[in-house]
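My numbering numbers the first residue of the sequence shown as 14 and each following residue consecutively.
It is worth saying that the hints were derived from the structure and are not from the lab.
Treat each hint with caution, since some may be false.
Think about it this way: if two alpha-carbon atoms lie no more than 25 Å apart in a straight line, the pair counts; the simulated BS3-like pairs of lysine-lysine are [claimed, not checked]:
1. Lys16 with Lys58
2. Lys41 with Lys16
3. Lys26 with Lys16
4. Lys58 with Lys26
5. Lys20 with Lys58
6. Lys44 with Lys58
7. Lys41 with Lys66
8. Lys58 with Lys45
Fair warning: this is a prediction, and the values are worked out from it, not measured in the lab.
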Amino acid sequence: MNKMALKGLLAEKLEAHDWYFTYSDDFKEWKKGSEERAELRSLVKALGEEGAKMYHTHASNYPES
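All chains, full assembly: derive it from the sequences and hints.
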């Protein structure tokens, strides 16, 4: 996948991610959120500094992210 496609995918996943999953009492929801977070980290790693900037810009809108 090229860099532009990865950036688009990361942007979509950042927007759709449940940033409050850690507060869930439902283990299935917590696990889903945890898996999504791992996927986000993988995309960030693949994009390097640019991915990290996208992540931190978006995550700064949410507590404890």
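Now for the hints, and whether the structure bears them out:
no.	hint	result
1	Lys16 with Lys58	holds, 12 Å
2	Lys41 with Lys16	violated, 32 Å
3	Lys26 with Lys16	holds, 15 Å
4	Lys58 with Lys26	holds, 14 Å
5	Lys20 with Lys58	holds, 12 Å
6	Lys44 with Lys58	holds, 21 Å
7	Lys41 with Lys66	violated, 29 Å
8	Lys58 with Lys45	holds, 20 Å
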